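Novice: The residues making up each chain are set out below.
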Amino acid sequence: MIGESTASARTIFLNAGLASGNGDPVRMDARDTTASLSVAAVTALPAPISLVLRLQAGESKAVAEAYQLHAEAIFAFARRLVGDEATAEDLVHEVFVTLPRAIRRFEENASLRTFLISIAVNHARHFVRAAARRRAAMDRFSRQESAASATPEDEAARTKLASALTRALDTLPLDQRVAFVLTEVEERSSREVAEIVGAPESTVRTRVFHAKRKLREVLAKGGLP
Amino acid sequence: MSDDLLDRATRALRETSEPDPIAVQRTRRRVLESLEARERRRFRLLPWFWPLAALLFGTTAWAATTGRLDSWVAGWRDAETAEATRPMPSTPESVRTRSPEPSRESEGAAAAENPSADAPATESTSELDARSSVAATRDSSSTRRERVPPRSNSSVGPSNDAPADPRARELAAFRHANALHADRGQPSRALEAWNDFLRAHPNGIFAAEARYNRALCLVRLGRKDEARRALAPFAAGQVEGGYREDDARALLDVLSD
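First to last, the protein sequences are chains U and Z. Residue numbers for the first sequence follow this note's numbering, so the first one is 28 and each next one is one higher. Residue numbers for the second sequence follow this note's numbering, so the first one is 3 and each next one is one higher.
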């Protein structure tokens with residue numbers, strides 16, 4: 028690895044996720060850089076360069092460390108993208124198991140979290156299709172969900188809306204789905220999304236535009252209030 | 003109305019898709035088990051290793067006794083020399099340009115052997131390099147000068163048998179400082195190590211991260227004014243195209259509380 032230190036080590040500059048003093052990841056909105064951070068939390072930042080070097084060396088502990096830092100964010104994205112918990116778990120598992128190989132493509136000035144999301148996007152096709160097929164099969168064989176629920180009314184309405192949007196997302200091509208989830212649901216900037224999906228910003232915006240138009244149509248047809 | 007519905011549905015999806023901590027931990031176990039299984043599979047290939055090693059050893063021994071080994075080694079050395087004298091590929095602006103190292107190395111070696119006439123020229127060249135952005139050649143002479151006495155008693159620098167390649171030396175020095183930095187119980191030692199690193203490699207490829215980590219040490223030591231000054235260029239986006247800009251701003255916000 029010393030021999031390739033120039034190219035690979037130069038690709039180290041990244042913004043690792045922030046960690047609290049006990050190692051748990053601090054959840055931060057992508058645009059909110061003034062979250063409630065204690066000095067202890069912020070100063071417990073990992074050494075990103077050593078983490079990436081160790082990932083490149085194939086250390087399992089480095090993968091565990093990366094998981095500790097970023098799993099929740101990747102899980103949330105996977106959950107929003109594929110639409111169910113079990114498939115999201117599988118996608119997250121795939122992301123971190125392939126990380127030791129994929130880290131060789133890691134570029135400078137990138138964020139490790141962004142890189143992990145791009146891995147998830149690259150692997151998403153199979154998982155999205157599987158989840159959509161499962162949902163379609165459940166719709167055929169199960170009864171329609173009743174509006175009445177043991178949970179409070181607001182919670183039930185929210186869950187129903189989320190479920191409707193997940194089904195509407197199944198009607199989109201994968202690239203529009205990914206662009207919509209990253210931009211609208213995860214509220215990432217076009218620039219960041221363009222970096223994740225490897226497409227120009229204008230292309231991302233176009234995909235989001237078409238996605239939203241299609242989703243409005245599908246939701247309107249669904250008869251939701 | 004459909005816009006409002008889409009917005010509401012989007013918000014609902016965002017709010018209802020936070021991960022279950024149990025699922026996160028379960029998947030962590032799966033990931034580690036998968037990686038361990040992969041390692042075990044790799045380990046199973048080891049029975050093939052010894053026969054191949056024996057074959058290699060036998061081939062080398064045969065080549066040595068028949069005289070073929072010398073011609074192979076000579077050919078390899080020629081290839082290495084050709085590789086070393088090939089012009090370096092271009093690098094991004096933030097990475098320093100390099101002049102051909104073998105010639106600089108030989109200049110430095112010549113200066114060491116003939117200090118009278120050549121040394122001043124080499125020294126002044128090094129000073130010019132220090133003012134310019136040619137960190138690689140500066141490192142090769144400056145680390146040679148600075149290696150002899152350890153500068154701080156709390157952090158022993160990289161060992162004296164550090165690799166000859168300046169970039170590898172910088173990496174070794176960075177790793178040493180980073181190991182102290184990762185041990186959060188020793189911010190003073192880590193700070194001295196970063197200071198030593200930056201004195202030796204002020205324009206190296208790891209300089210930006212070293213400066214940022216140095217700022218973190220100042221924060222940990224409670225030296226807020228110095229920490230603010232160190233973080234200011236990062237927060238202003240003046241370092242390496244915005245490197246650590248958001249993190250530095252967050253830190254400055256915390257320090258101002």
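Worth flagging that the hints you see were computed from the coordinates, not collected in a lab. In this text, all values refer to a predicted model and were calculated from it rather than measured experimentally. Treat each hint with caution, since some may be false.
[Said to hold, decoys possible] Simulated restraints on C-beta separations:
no., chain 1, residue 1, chain 2, residue 2, range
1, U, 236, Z, 43, 32 to 40 Å
2, U, 112, Z, 225, 42 to 50 Å
3, Z, 244, U, 233, 24 to 32 Å
4, Z, 258, U, 86, 53 to 61 Å
5, U, 156, Z, 228, 26 to 34 Å
6, U, 163, Z, 6, 26 to 34 Å
7, U, 248, Z, 41, 50 to 58 Å
8, Z, 61, U, 160, 49 to 57 Å
9, U, 149, Z, 60, 43 to 51 Å
10, U, 112, Z, 60, 36 to 44 Å
11, U, 182, Z, 223, 23 to 31 Å
12, Z, 244, U, 131, 37 to 45 Å
[Stated by the list, open to error] Incomplete in silico selection of chain U near chain Z, CB under 10 Å:
no., residue
13, 106
14, 156
15, 182
All C-beta atoms, glycine included, are put in the ideal place defined by N, C-alpha and C.
Novice: Taking the closest Cβ pair, is residue 182 of chain U under 10 Å from chain Z?
Specialist: 9 Å, holds
Novice: A range of 23 to 31 Å was offered for this pair. Does it hold for the Cβ distance of residue 182 of chain U and residue 223 of chain Z?
Specialist: Hint violated: Cβ distance 47 Å, outside 23 to 31 Å.
Novice: Please check whether residue 61 of chain Z and residue 160 of chain U have a Cβ separation lying inside 49 to 57 Å.
Specialist: 55 Å, holds
Novice: Using the C-beta atoms of residue 112 of chain U and residue 225 of chain Z, is the stated range 42 to 50 Å upheld?
Specialist: 46 Å, holds
Novice: For residue 244 of chain Z and residue 233 of chain U, compare the CB-CB distance with the range 24 to 32 Å and indicate the outcome.
Specialist: 26 Å, holds
Novice: Determine whether the Cβ-Cβ distance between residue 112 of chain U and residue 60 of chain Z falls within the hinted range of 36 to 44 Å.
Specialist: 57 Å Cβ-Cβ, so the 36 to 44 Å window is violated.
Novice: Please check whether residue 236 of chain U and residue 43 of chain Z have a Cβ separation lying inside 32 to 40 Å.
Specialist: Cβ of residue 236 of chain U to Cβ of residue 43 of chain Z: about 47 Å, so the range 32 to 40 Å is violated.
Novice: Holds or violated: 53 to 61 Å for the Cβ distance of residue 258 of chain Z and residue 86 of chain U?
Specialist: 38 Å, violated
Novice: Could one say that the CB atoms of residue 149 of chain U and residue 60 of chain Z fall in the range 43 to 51 Å?
Specialist: 45 Å, holds
Novice: Honestly, do residue 248 of chain U and residue 41 of chain Z meet the 50 to 58 Å range at C-beta?
Specialist: 51 Å, holds
Novice: For the hint 26 to 34 Å, verify it against the beta carbon of residue 163 of chain U and that of residue 6 of chain Z.
Specialist: 28 Å, holds
Novice: Hey, does the residue 106 of chain U contact hint survive, CB to chain Z under 10 Å?
Specialist: Constraint on residue 106 of chain U satisfied, holds at 4 Å.
The earlier numbered hints that this structure contradicts are 1, 4, 5, 10, 11, 12, 14.
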